[in-house]
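In terms of the working numbering, the sequence shown opens at residue 14 and continues consecutively.
Keep in mind that the hints were calculated from the coordinates and are not lab data. Fair warning: there could be bad hints in the mix.
What the hints assert, rightly or not - If you anchor each label on the Cβ, the simulated ranges turn out as follows:
1. D16 to K42: 36 to 46 angstroms
2. Q55 to G22: 46 to 56 angstroms
3. T53 to D16: 49 to 59 angstroms
4. G22 to K42: 40 to 50 angstroms
5. Q55 to L20: 28 to 38 angstroms
Note that the Cβ used here is the ideal one computed from N, Cα and C, for glycine as well.
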Amino acid sequence: MRDLSILIGIYTVAVLLAGFGIVSLKRQKRSPAVQDEPMTKQVAKPLVSTEDMLSGWGKEEEEAKQ
């Protein structure tokens, strides 16, 4: 009998947690006007050029050949 009460308690807690999750998801979907505008992607200058990453095309290799 005690095992049955523990099992019922576990299932009750699981149903309550699932209910809170479903309610919070519905609240998020219901208010799209409150959402922030999407962030713009900032383009940063690369620290190393693509040519420097390729072997044979970097400044060091050109200077070493001269």
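**Study point:** Verdict for Q55, G22 (Cβ pair) under range 46 to 56 angstroms
**Key:** Because 52 angstroms falls inside the window, the suggested range holds.
Exercise for review: Starting from the hint 28 to 38 angstroms, judge whether the C-beta atoms of Q55 and L20 obey it.
Suggested key: violated, 54 angstroms
Review point. That 36 to 46 angstroms hint for D16 and K42 (C-beta), does it hold up?
Key: holds, 39 angstroms
**Study point:** Consistency of beta-carbon spacing, K42 to G22, with hint 40 to 50 angstroms
**Key:** For K42 against G22, whose Cβ atoms are near 31 angstroms apart, the range 40 to 50 angstroms is violated.
**Study point:** Hint check for D16 and T53 - Cβ pair distance inside 49 to 59 angstroms
**Key:** Distance hint for T53, D16 holds at roughly 58 angstroms.
Hint check: violations occur at hints 4, 5; the rest are consistent with the structure.
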